[in-house]
Structures are given as C-alpha cells and as structure tokens.
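Visitor: For reference, the chains in residue letters:
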Amino acid sequence: MAASPDVENLTPDASRTRSREVATQVLLACSALLVLAVPFLGASPFFITLLTEALIFGIWAMSLDLLVGYTGLVSFGHAASFGFATYAAGIFAMNVSADFFLSTAVAIIAAAAVAFLTGLVVTRLSGIAFAILTLCICQVLFQISVVWRSFTGGLDGLIGVPLPTLFGREVEPGEELYLLTAVSLIVCYLLLRRLVESPFGKTLLAIRANEDRAAAIGIDVRRHKLVILIISWMTGGVAGTLFVFLKAGANPMSLYWIESGNILAITILGGIGTLFGPVIGAIGFIFIRDQVTTMYRAWQFSFGLAFVLAVLFMPSGIGGIAERIWRRLWPARSS
Amino acid sequence: MFVNSLNGIIYGSFLALTSLGLSLVFGLGRVVNFAHGVLYALGGYFFIIFLPSLGWSAMVFAPLVVVPLAIAMEWLTIAPIRNRDEIYTLLVTFGLSFMITGAIEYLWGTETTLIKPPVIFQGTVDILGNQFPIYRLFASALSLVVTGLVFVFIQFTPVGLKIRAITDDNEMAEALGINTRWLLTSIFGGAAGFAAFAGALGAPIFSVEPEMGMGIIIDSFLAVILGGLGHLPGTAVGAFIVALAKSIGGGYIAEWAIAVLFLVVAAIMVLRPRGVFGRGRIA
Numbered sequence: 001m002a003a004s005p006d007v008e009n010l011t012p013d014a015s016r017t018r019s020r021e022v023a024t025q026v027l028l029a030c031s032a033l034l035v036l037a038v039p040f041l042g043a044s045p046f047f048i049t050l051l052t053e054a055l056i057f058g059i060w061a062m063s064l065d066l067l068v069g070y071t072g073l074v075s076f077g078h079a080a081s082f083g084f085a086t087y088a089a090g091i092f093a094m095n096v097s098a099d100f101f102l103s104t105a106v107a108i109i110a111a112a113a114v115a116f117l118t119g120l121v122v123t124r125l126s127g128i129a130f131a132i133l134t135l136c137i138c139q140v141l142f143q144i145s146v147v148w149r150s151f152t153g154g155l156d157g158l159i160g161v162p163l164p165t166l167f168g169r170e171v172e173p174g175e176e177l178y179l180l181t182a183v184s185l186i187v188c189y190l191l192l193r194r195l196v197e198s199p200f201g202k203t204l205l206a207i208r209a210n211e212d213r214a215a216a217i218g219i220d221v222r223r224h225k226l227v228i229l230i231i232s233w234m235t236g237g238v239a240g241t242l243f244v245f246l247k248a249g250a251n252p253m254s255l256y257w258i259e260s261g262n263i264l265a266i267t268i269l270g271g272i273g274t275l276f277g278p279v280i281g282a283i284g285f286i287f288i289r290d291q292v293t294t295m296y297r298a299w300q301f302s303f304g305l306a307f308v309l310a311v312l313f314m315p316s317g318i319g320g321i322a323e324r325i326w327r328r329l330w331p332a333r334s335s
Numbered sequence: 001m002f003v004n005s006l007n008g009i010i011y012g013s014f015l016a017l018t019s020l021g022l023s024l025v026f027g028l029g030r031v032v033n034f035a036h037g038v039l040y041a042l043g044g045y046f047f048i049i050f051l052p053s054l055g056w057s058a059m060v061f062a063p064l065v066v067v068p069l070a071i072a073m074e075w076l077t078i079a080p081i082r083n084r085d086e087i088y089t090l091l092v093t094f095g096l097s098f099m100i101t102g103a104i105e106y107l108w109g110t111e112t113t114l115i116k117p118p119v120i121f122q123g124t125v126d127i128l129g130n131q132f133p134i135y136r137l138f139a140s141a142l143s144l145v146v147t148g149l150v151f152v153f154i155q156f157t158p159v160g161l162k163i164r165a166i167t168d169d170n171e172m173a174e175a176l177g178i179n180t181r182w183l184l185t186s187i188f189g190g191a192a193g194f195a196a197f198a199g200a201l202g203a204p205i206f207s208v209e210p211e212m213g214m215g216i217i218i219d220s221f222l223a224v225i226l227g228g229l230g231h232l233p234g235t236a237v238g239a240f241i242v243a244l245a246k247s248i249g250g251g252y253i254a255e256w257a258i259a260v261l262f263l264v265v266a267a268i269m270v271l272r273p274r275g276v277f278g279r280g281r282i283a
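Quick mapping for you: the protein sequence lines, in order, are chains A and B.
For the first sequence, the residue numbers in the numbering used here are 1 to 335.
For the second sequence, the residue numbers in the numbering used here are 1 to 283.
Chain B extracted, bound-state conformation (with noise of 0.2 Å):
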C-alpha cells in the first residue's frame, strides 16, 4: 500500500509535466494536443538513441530535438486550421499522433527496451522498511522542480504576463498588440520540450516502447479536465489525483478505481467544466 502511493506519487510528478503542457497548449490556443502523448514518446526514444554517444546529457538534447519537430508539426499542421472548427484540431493531432506511432515501430521497432539508471543513482534507499530505488526519487524530484519552473516562468516574466493575457481574454490580448500567433507557437515547442524531457528522464523507471505515448495521453486529458482546463495549479493536482488512482490498491483495485476515474471525469465536464477548483476555461 505504501509503496503503490509513493509509485503513484513519481508517477504523477511526470503526468505532472506532461498534462502541464497540454493545459497550456489548451489555454493558450484552444488546441486539443493528441499528439502529446508521441512527443513524450519520443522524447524517450531519442534519449536512448543519444545515449550511447553523449552519456546522461542526452536527457538535454532529446528535447532539444524534438522542440524544433514539435514547431514544425505546429506550422504545418495547426497553424493552417487555426480559423476552422476547434474539433479539426482534435482530428489532426490524433492523425499525427497515429503517424509518429508508427514512425517509431517503424524505425526503431515494437520492442520495450529498460534502460539501467546512471550509476551514481543506482541502489536503493531505505524508506520505512521498504527498499526504494534512489533513482526514482531523483526523477521525481527533478520533474517537480522543473514543474516548479514552470509556474515561476508563467507567473512572474513578462512572456508569463503575456501568456496568461493570452488565456483570459484572447482577442483582448491581441488587441494589446501581443502577437499570439507566435507565442502559441513557441508554446508548443516548449511543451513538446517538456514532454519530451518527461520522456527521456522516466525512460529508467517506464521503460521506452512505441504506445507509451498513447497511455499517458489519456491520463494527462484526465489530469487536465480534473484541474481545469488551462489552469496550471489545478493541473498538476489533477495529475497527482489520477496518478494516486491508478496506484493506490495496484492490480485488480487499481482498474475499478480507473473506471471510477473516467465517470468522475465525465460527471465534472458535464456538472463542473470549469475544473474541481472552478478555474479553468469550458471546452
């Protein structure tokens, strides 16, 4: 039991980052990422690839490449039906997401492949009688600071100010001269990054397979419902809410709490759509 709760809890420290982006993805531009979750995915697959030549600072350059992807996905594909029906977008990015699944299984094919941690994260520690690996702590505790960032950057720059201009009033801001177009874009990119980064550093915990990407997307769209869509906070609540779901109880529990989880869900689009804390935009 304690050891779910605390796998639980490293877990939704990487949902955490993941559905963070798709929150402000969604704010921003009212753009439903699916492919979300392929990014992550190939944030992981990158790592590996990197790894042999570059060591751990891979887990910097595989981000670095796929933001540069991500802005080109953005360019090409978003950015032209930006003046469509809000649901093209939906449509689009889950035939990407199809596309880079099977890009992956293509060049790099179906297998899982478990990465051992860096050596000096190796071992474990000793928490309550209960051996736990050093290295899932480190994860974990990287992916929340770098979550922490995250707010620091949305709440207290002046591309933060814009942003959250943005997502309150977006012909407002425009309006004010902010050129939205382009933030969206860097937008995305950034949280294609931190996708990607989430990718690479739970590649030793989650191992790296082609539909990693198709699991953790769903969960984040949970994650960000829960929170409320475009409201930052709640989102990363909204990630712990459904990590601790999904682990508490583990196995046979775990998939009745899941399917608890989903009507939760649907009973607060419908009664509650503004999120649990009432923040959040209405889809």
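Isolated chain A (complex conformation) (with noise of 0.2 Å):
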C-alpha cells in the first residue's frame, strides 16, 4: 500500500548501517525492558489493566500489520481472528483445562482452521474485493456466534471464563497476568520480526507492490497469501486468547465488523509495514479512549478526524515517522 520503506536508494555505508542497526537492537531491547518493568514501578491496579488490554491490542494489530502492511490486503473482517479465538479458547477453558498453554494452543490452531477455510476463498482476491469478503466471512461468523445459543451463549457470550493456569499454577489477574501478556507480546514480536525479515517476507512485499509482476516472476501468490492469512489469524488468536482470560468473557461484538474497522484503523494510524507501529497505535488508543471517553464526548468523532487525516496526509502513520526520524539520527551515509 504505502510507498516502501525499505528502499535505501544511496549507497549505504557498512559501518554506519551497521551501528544503526546496533541502536535498532538496544532501542528494542530497551523497549522490551521498561514494558517488563512496568509492575515493578508502582504502577496502579488500574493502569496495569488497562495496559494488558491496550499490549493484547497491540499483538492483534500486529498480526493485521502482517496483512495491511506486508502483502498489501486489506482485510475488513480481521475481527474474526480474535473474536473466533475468544470463543475457541473460552470454551475450551471452561470445559477442558485453563492451562494456558493448552488453551492459546487450541484458539491458535482452531484459528488457523477457519483461516485456512477462509483462505481457499479470499486470496482469489485483492483490493476492495478483498476487504468486502473478508467482512462478510467475519460477518457469518458473528451471526452464528449470537444464533448458537447452546454453545456460544448468544448475545450474552460467554460468561465466567476461568483465570488461566501456568505449569500448575492459577495466573492472578492484575501484575501477573500483565506479564504473561508482556512476555507473548515480546515473543510474537520476535517471531513476526524474523518472518517479515526472512525471504519469505520480502516475497510478501514483491506481492504488496504488484501482485501481476509478483506472479510473472514465478512467485505462488496465491499460497503466499494463504500463508500469511493463517499466519496472522494465529497471532490474532493469541491475542483473542488473552483477552479471553482478562474479561473472564467472550462477547460476539468482538466479532462485529466495526470492531474489524476498529483494528484497522488502529493498525494504520499506528503505521503499517513496521510492527511496532500498530503496537503504539493500539496502546494509544486503548489509553486515549478510556481516558478521554468519560469527560469528552466526541472521542469518537476525534478517532474518525484523526483516522481520516491520517489516511490523507500521513498514510505512514506513526510508526513511518518515526522510523524517519530515526533513520535521519543514524544515517546510513556521511553527509
């Protein structure tokens, strides 16, 4: 979608791309830490909460990066990902074993089920299309999740979800189920990380900038679109596995296609193509609304203008200026 980030058009110097890329390493390193730190700085009950939501968004509009960003497909109905793997994890929860593990393991596999059935279909598509029929799938799925009653609990959802265990040990709400969210976070980051930077990855971006001229060269566009979709339902799923534990619920409106609207737009105001972007884009988002929705009334107004704005003048977002202002720090050739 958004012109490359990665072309470096000048003759980059060894040494210099080499002592950006150690301050790349240390910025993240860094980064990871003060996340992990956060409980051990007196923060508040509350805030720590509110930061397990806001981190949980963050892995899910990463794994919708992986889409929007890295292979150019809108999709309109990324809600499906997480909301299905709320119910998948829940339900599981509730009648089988909280063990986390266990639990992320089957929402992450029965994500990859419905993304793999969904992408039979969808990656014959691109553009609009695309988005459209993403919406509707995720729409079909949100239907079923309010009519199926017996097992989805209708438009209640699921209610009374167990805390989850860890080798044994139930998970306390508050600092230590933060951290459980603090550490998958960091991890699906890392992974996603290698995967975007692996060749597959740069397939993904051959895909993005002209799928026609992808294909000319031989590359499979389908079966990497396939790829990638099952890929990114698996994170979103992690993150519809934690979300489940921290509401102790599931609730079909995480199904519903303004929540797929929601994500999207947060994944792009945080910037696409970066993976961290979409990360600062949900834990503003998360803080932004929950502060603000109380004393002004017209947050939602505000996400619009910021959202529209955003898409007009800044389609980079938050995450591709930044990535500017830190290539100008570190130049990638003297000046």
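Hint data in this document are derived by calculation from the structure and do not stem from the laboratory.
Possibly wrong hints are sitting among the right ones.
Facing chain B, a subset of chain A residues (Cβ under 10 Å, in silico) [stated by the list, open to error]:
id	residue
1	Phe130
2	Leu135
3	Val140
4	Ser198
5	Pro199
6	Leu264
7	Phe301
8	Met314
9	Pro315
10	Ile318
All residues carry an ideal CB built from backbone N, CA and C; glycine is no exception.
Fit the two chains together into the complex; they arrive one by one in their own frames, and the hints show the way.
Guide: Printed below as a string of structure tokens:
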C-alpha cells in the first residue's frame, strides 16, 4: 500500500548501517525491558489492567499489519481472527482445561483452521473485493455466535471463563496476567520480525508492490497469501486467548464488523509495515479512549477525524514517521 | 409470515433507495462509500429537527441540507485521493462514517426517537385480515416511485447517458469530452440526497438513532453485490432479496437467514463477481 520504506537508494556505508542496526537492537531491548518492568515501577492496578488490554490489542494489530502492511491485503474482517479465538479458548478453558499453553494452542489451531478455509476463497481476490469478502465472512461468524446460543451463549456471550493456569499454578489477575501478556507480545514481535525479514517476508513485499508482476516472476501468489493469512490469524488468536482470560468472558461484539474497522484504523494510525507501529497505535488508542470518553464526549468524532487525516496526509502512520526520524539520527551515509 | 414478508417488502423499498446511490457512486467513480449509511442517518436527524418548525415539508428540506454536506465531503476527502489505490476511498469513508456517527451522538445524544406519521396517514388498513399501518404502505410506495424516477433519469436523459457512458468505460467517456470529475461530485451529492430522503421518510417506521446508518450500510452493500456493482436494476432486486431474507420467518430464523445471506454474497463475489444478473462490474 504505502511507498516501500525499505528501499535505500543511496549506497549505504557498511559501518554506519551497522551502527544503526546496533542502535535499533538496543532501543528494542530497552523498550522490552521497560514493558516488563512496568509492574515493578509502582503502577496502579487500574493502569496495569488497562495496559494489559492495550498490549493485547497490540498483538492483534501486529497480526493485521502482516496483511495490510506487508502483503497489501486490507482486511475488513480481522475481528474474525480475534473473536473466533476468544470463543475457542473460552469454551475450551471452561469445559476442558484452563492451562494457558493448551488454551492458546487450541485457539491458534482453531484460528488456523478457519483461516485456511477462509483463505481458500479470499486469496483469489485483492483490493476492495478482498476487503468486502473478509467483512462478509466475519459477519457470518458474528451471526453464528449470536444464534448458536447453546454453544456460544448468544448475545450474552461466554460468562465465567476461569483464570488461566501456568505450569499447574493459577495466574493471578493484575500483575501476573500483565507479565504473561507482555511476554506473549515480545515473543510474537520477535517471531514476526524474523518472519518479515526472511525471504518469505520479502516475497510478501513483492506481492504488495505488484501482484501481477510477482506472479510473472514465478511467485505462487495465492499460496503466499494463504500462508500469511493463516499466520496472521494465528497471531490474532494469541491476542484473543489473552483477551478472554483478561475479561473472563467472550462477547459476540468482538466479531462485529465495526470492531474490524477499529483495529484496521488502529493499525493504520500506528503505521503499517513497521510491526512496532501498530503496537504504539493500540496503546495510544486504549489509553486515550479510556481516559477521554468519560469527560470528552466527542471522542468517536475525533478518532474518525484522526483516521481520515492520517489516511489523507500521513499514510505511513506514527510508526512510519518514527522510522524516518530514526534513520535521520543514524544516517546510512555520511553527508 | 404474511406480515413479515410485507414488512420485508417495505424495508426493501427503502433499501433499494439507499443501495441505488451506493451502486451509482461505485459504478461512476469506483468509490466504495462506507459513509453512505451515515448520510441516511443524517437525513433522519435533520428531518426530526426541522419537523417542529417546518412540518412535513421537512422531508424535502432534510435531504437539501445533506446534499451540500455530502458534496463538501466528496470535495475535501475523496477527490484528493482519486489517483491513489481504490482501497483508500474505502478507508477514508469508513473514517468519515465514524466521525459523523460520533458527531450525531455528540450533538443530539444517543436516544432513539420514534415520531408519529402525519395525521392523514395515521390508522391502519385491513390486508387479508391483518391490520397494517397506512403510512408504511404510503412510504414504501413513495420510495418505489423515487427509485423509478432515478431509473428513468439514468435511462432517458442526456445526463443519464453520460453517467452510463462513464460507468461503461471511464477513460473513453473522458476522451469524448465528458467531465467525469464534475459528474462524480454531483452524483455523489444526488446519491446522498436519496439516502437522506430515505432516512427522513423512514423516520416514522424505523425510528431515528445514531447507529441507524451503520446497520443499513451493510445491507446496502449486500444488495449492491448481489445485483452486480454499478448495475441499477440488479441493485434494486438485490435490495428486495436482502430485505426479504432478513424478515421472512422473523426473529431466530431470520438470524440464521442473515448468516446464510452473507455466505451467499461471499460466494457470489468469488464465483459470479458481476452479480446475479452478470451485468455489473468487477470490484
């Protein structure tokens, strides 16, 4: 979608590029440490819970970035990955076992299965058609979650999902659940970082740049789209699992199309094609929404306005701007 | 069952009016207008605001206020990104729909308002042993008439000819000297006017609330895809299919019917991208 940020048209000076890489690693390590240190810095329980939710949305937004930012597929049905996983993990935790690893595995596998079925169809399309088709499929899941009351609890959703257990020990809400979420976010980030920097990730960028040309040089476009869709949904599944444990329940509204639009707006405002940008977008969204809605009634209007302005004037989002500044600080070539 | 399908037909005639605009704007400018639903909502709101002072002529004035708003919207947000990927119009209009829904809640609150139909249309009429409100029949007939007038306009006037030419082949139409830029803006405004009229006309039936636009926009999308993007008669038929699927059986069965409807529409997008009649454009 956006202009490729990865192309450096100047001949890079090897040692300077190296120093920027080191600086980036140091910055990432510091951010990870900061995220993990929050509970030990005397943050209030309310703040911790809010930040947990923000990081969960961060994982979810990152998973959408794989589609929108790295493959150029704008999904308007990404609530499906998250919402479906909340039900899969929630029903499993209520009826079988609340073990965190098992529940996550079940949610991921379930999400992957649905993503595979969805992908067989949606990977034929791109652009607007892809957006609307994913929206339709998400609405099918939404309707089923509302109607199949005996299994999903209908409009009330799932109520009374137990706390997760980790190695046989119950994870306490608050700080422990936060740390679990923070570690999940960091693991997801590192894995996805490796993925997008791998040859597979570069192939996705080729598909984003031009699907027809990518196909012409021998890339199996549909298979690549299918694989990235499955990975994206699996990552969304991790977010959904954490969310169902945080809220101790699941709600059909997580599958509603407006939720898909919300996460899309968060991802784009945060900065597509950067992975870390959507996380910043999610943290900003959750905190501003929670702090502001009580005293400022025009929140929804302002969010819409910010999104419209971002799409019109800074499609690379916060993450894109941050990346540009970072490059300026560590120039690849002495000038 | 009978009353359900009658209600379906009534909803369908409103849906035809809103989907028509969506279909026209897509056909002309390949703009997917998510904000079409909130223009419908704005029509309803301006109507109930003007009603005390203007009486039932508010039904005409409400759309007249929405049209310039829509034109300003198109001019400020959609025109500047005409040269970018089409998907951006979808993103921008989604943001706009969020903005306008937020503005409605901010300005006029979140309550649901149901107003009474005008005195001459109050009361019910007996249809096969069922008492049916007269206003519903009148409003449904009126929106069908307006839909018909739009068809006539597109099919038999010089401007309609230009619109069809652009829908067929944008570049060729431009080469023949048709000002597509200007036409798109005016059609965008016109489509907004019809959506707003539907919102005003439907106020005594479906009531007025901030989320009303978000609900009808999805149904309109379904209707447009079923009928074939940019193909107007197909869109109208699609509107009735959607409305009937949502109402027949009522309640629980209707919820399942909607799930099936979404699946059918998804299948159509892949297998018959030109719509049921094979006459529309491919997204």
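Visitor: Each hint: holds or not?
Guide: How the hints compare with the structure:
Nearest Cβ of chain B to the Cβ of phenylalanine 130 of chain A: about 9 Å, under the 10 Å cut. The hint holds. Evaluation of the leucine 135 of chain A hint against chain B yields a held restraint, the C-beta minimum of about 8 Å falling below 10 Å. Annotation: valine 140 of chain A was flagged as interfacial toward chain B, and the flag holds, the nearest CB pair being 5 Å apart, inside 10 Å. Look at serine 198 of chain A: its Cβ only gets to about 26 Å from chain B, farther than 10 Å, so that hint breaks.
Restraint check, proline 199 of chain A versus chain B: the minimum CB separation of about 26 Å is more than 10 Å; hint violated. For leucine 264 of chain A, the interface hint holds, the least distance from its beta-carbon to any beta-carbon of chain B being 8 Å, beneath 10 Å. Nearest Cβ of chain B to the Cβ of phenylalanine 301 of chain A: about 3 Å, under the 10 Å cut. The hint holds. With a cut of 10 Å, the hint placing methionine 314 of chain A at the interface with chain B is violated, because the nearest CB-to-CB distance is about 13 Å.
The closest approach between the C-beta of proline 315 of chain A and any C-beta of chain B is roughly 8 Å, which is under the 10 Å cut-off, so the hint is satisfied. The beta carbon of isoleucine 318 of chain A is not positioned within 10 Å of any beta carbon in chain B (closest approach about 16 Å), and the interface hint is therefore violated.
Hint compliance for this structure: hints 4, 5, 8 and 10 are not met, and every other hint is.
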